[in-house]
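Novice: In my numbering, the protein residues as written are 1 to 426.
Worth flagging that the hints you see were computed from the coordinates, not collected in a lab. Incorrect hints may have been included.
Distance condition first, Cα-Cα at most 30 Å in a straight line; then the derived DSSO-like pairs of lysine-lysine [to be verified]:
#1 Lys144 with Lys159
#2 Lys209 with Lys82
#3 Lys241 with Lys144
#4 Lys217 with Lys355
#5 Lys369 with Lys241
#6 Lys159 with Lys241
#7 Lys144 with Lys82
#8 Lys355 with Lys342
Here are the in silico distance ranges between beta carbons for each label pair [claimed, not checked]:
#9 Asn264 with Gly36: 30 to 38 Å
#10 Leu399 with Ile371: 17 to 25 Å
#11 Glu232 with Gly36: 50 to 58 Å
#12 Gly411 with Gly161: 48 to 56 Å
#13 Glu206 with Gly408: 44 to 52 Å
#14 Asp239 with His383: 35 to 43 Å
#15 His383 with Ser285: 51 to 59 Å
We put the CB at the ideal spot given by N, CA and C, even for glycine.
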Amino acid sequence: MNIGEIADIVGGEILDLSIDTPVDCIAIDSRAVSGGSLFFALKGEKNDGHNFIPQAIDNGAVGAVMHRRLPFPGILVEDTTKALFGLADGIRRRYPIPLVGVAGSSGKTTTKELIYLVLRERYRVIRSEGNQNTEFSLPLMIFKTPGFEVAIAELGMRKPGDMKLLSMITRPDVVVFTHLDVEHLEFFDSFEDVIREELSIIDEIEGLKIIYNKDDKYLKDLDGLTYGILSEADIKGFDIKITREGTDFKVMYPDGNIFDVHLNAFGRHIVEDALSALAVGWLFSIPSEVAIRGIERFTPLWGRMEPIKLDNGTLVIFDGYNANPLSMRMAIQTVASLEYRKRLFILGDMLELGKETESAHRSLGELLKGIDGDIVLIGKAIHTTHSILRDRSVYFENLESGIPYIKGILGNYDLVLIKGSRGMKL
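All chains, full assembly: derive it from the sequences and hints.
Specialist: This is the structure in structure tokens:
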């Protein structure tokens with residue numbers, strides 16, 4: 001795209017730039033600017049991006065989108081934040097390639113990557129990078145969509161109104177729902193409000209195609225293409241075997257054909273994520289064998305049931321990217337099912353649960369009562385879990401105080417799970 005086209009979309013005045021000036025990408029962080037970038041000077045609660053325009057220009061930006069007339073090349077608009085959102089919306093309208101949105105409480109990033117592996121077998125695909133899933137980061141991906149055939153966007157909802165805004169920015173043609181579970185309750189009055197917010201995308205986008213997990217009790221009554229393990233879904237996984245080498249299962253398609261699948265990852269939850277990706281492949285008419293070949297290329301992402309082999313042979317499964325009650329339960333049950341002699345569970349707080357914090361950590365304690373293995377608990381909220389387990393667990397209020405103990409015992413175990421919210425920095 002060029003400056004003239006961008007200015008036309010956002011309704012801005014071009015300052016000291018030719019309308020033909022090419023723009024390779026857009027940026028909202030002056031430190032991330034590279035040659036050919038257009039910097040959006042957003043005003044936040046703490047920082048004003050206008051103060052960083054000189055740094056952005058020095059780093060190679062062709063100009064800046066600003067809402068104050070300053071002595072720099074760029075585009076003058078009334079509101080830079082609205083301009084960023086409007087640019088994404090305008091690009092989606094001008095270049096309407098199919099876009100798959102991934103929503104839900106957990107498993108979004110892994111599901112997005114699995115969908116990417118399926119679709120790229122037949123299409124030129126772009127996806128949001130890492131956990132790029134907010135109203136501010138997704139426009140950076142949307143800007144790059146011209147020239148691709150399909151886009152995939154992770155939709156990260158945190159507070160009321162987010163899903164409506166993300167729907168406007170991304171305008172998905174397909175939405176994939178993973179699981180709905182307790183999350184971000186510090187911003188909502190109840191879990192029912194969380195469910196309503198997640199599902200509001202259905203009302204926002206006309207003609208939206210829906211793919212959802214039929215095993216999820218909060219999703220089971222939707223209308224769309226289904227996947228699942230327990231229920232009679234359109235894309236059904238069964239005969240699941242979790243071994244030291246990964247996870248094996250069978251999948252049955254709507255046409256009745258059955259295929260064997262092997263994933264280099266652990267857990268029933270990864271089967272569900274894989275089934276959702278296969279459902280997307282089915283919707284996009286990708287042959288079943290080709291779609292399966294795609295997901296079998298998957299390797300676990302950082303902090304998401306990531307296997308790490310220590311020098312002494314201990315297998316550590318690091319799942320410290322984030323945690324809610326559902327993902328915590330899945331991780332624990334997966335590790336408990338693996339055939340190892342001695343297991344250690346190092347678990348940290350589940351954050352952002354609001355008034356459900358105590359009950360969630362109490363339920364965690366009840367779950368751990370039936371688990372075979374030693375348990376180390378770290379954090380303030382998880383003290384509730386420790387009070388239930390008592391002598392079955394070792395407790396530390398913070399990671400720093402627990403590190404010497406953990407280092408001293410780690411080599412005694414064949415298998416170690418490290419699981420907690422990202423804010424715990426495990």
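Novice: For every hint, state whether the structure bears it out.
Specialist: Against the structure, the hints come out as follows:
Of the pairs offered as hints, the one joining Lys144 and Lys159 holds, with about 27 Å between alpha carbons and a cut-off of 30 Å not exceeded. Our distance criterion of 30 Å between C-alpha atoms is met by Lys209 and Lys82, whose separation comes to about 28 Å. At most 30 Å may separate the alpha-carbon atoms for a hinted pair to count; Lys241 and Lys144 exceed this at roughly 40 Å. At most 30 Å may separate the alpha-carbon atoms for a hinted pair to count; Lys217 and Lys355 meet this at roughly 22 Å.
The suggested pairing of Lys369 with Lys241 holds, with an alpha-carbon distance near 24 Å, which does not exceed 30 Å. With a CA separation close to 38 Å, the supplied pair Lys159 and Lys241 exceeds the 30 Å bound. For the hint linking Lys144 to Lys82, the alpha-carbon distance of about 19 Å falls within 30 Å, and the restraint holds. Using a Cα cut-off of 30 Å, the hinted pair Lys355 and Lys342 is violated, with the two alpha carbons roughly 35 Å apart.
Taking 30 to 38 Å as the suggested C-beta distance range, the pair Asn264 and Gly36 conforms, at roughly 37 Å. Between Leu399 and Ile371 the beta carbons are some 22 Å apart, a value that agrees with the proposed interval 17 to 25 Å. Hint check: Glu232 to Gly36, Cβ distance near 52 Å, so the stated range 50 to 58 Å holds. The supplied range of 48 to 56 Å is met by Gly411 and Gly161, whose beta-carbon atoms lie about 49 Å from each other.
At about 60 Å, the beta-carbon gap between Glu206 and Gly408 misses the expected band of 44 to 52 Å. About 40 Å separates the C-beta atoms of Asp239 and His383, a value consistent with the hinted range of 35 to 43 Å. Restraint check, His383 to Ser285: a C-beta distance of roughly 52 Å satisfies the suggested window 51 to 59 Å.
Consistency note: the structure conflicts with the earlier hints numbered 3, 6, 8 and 13.
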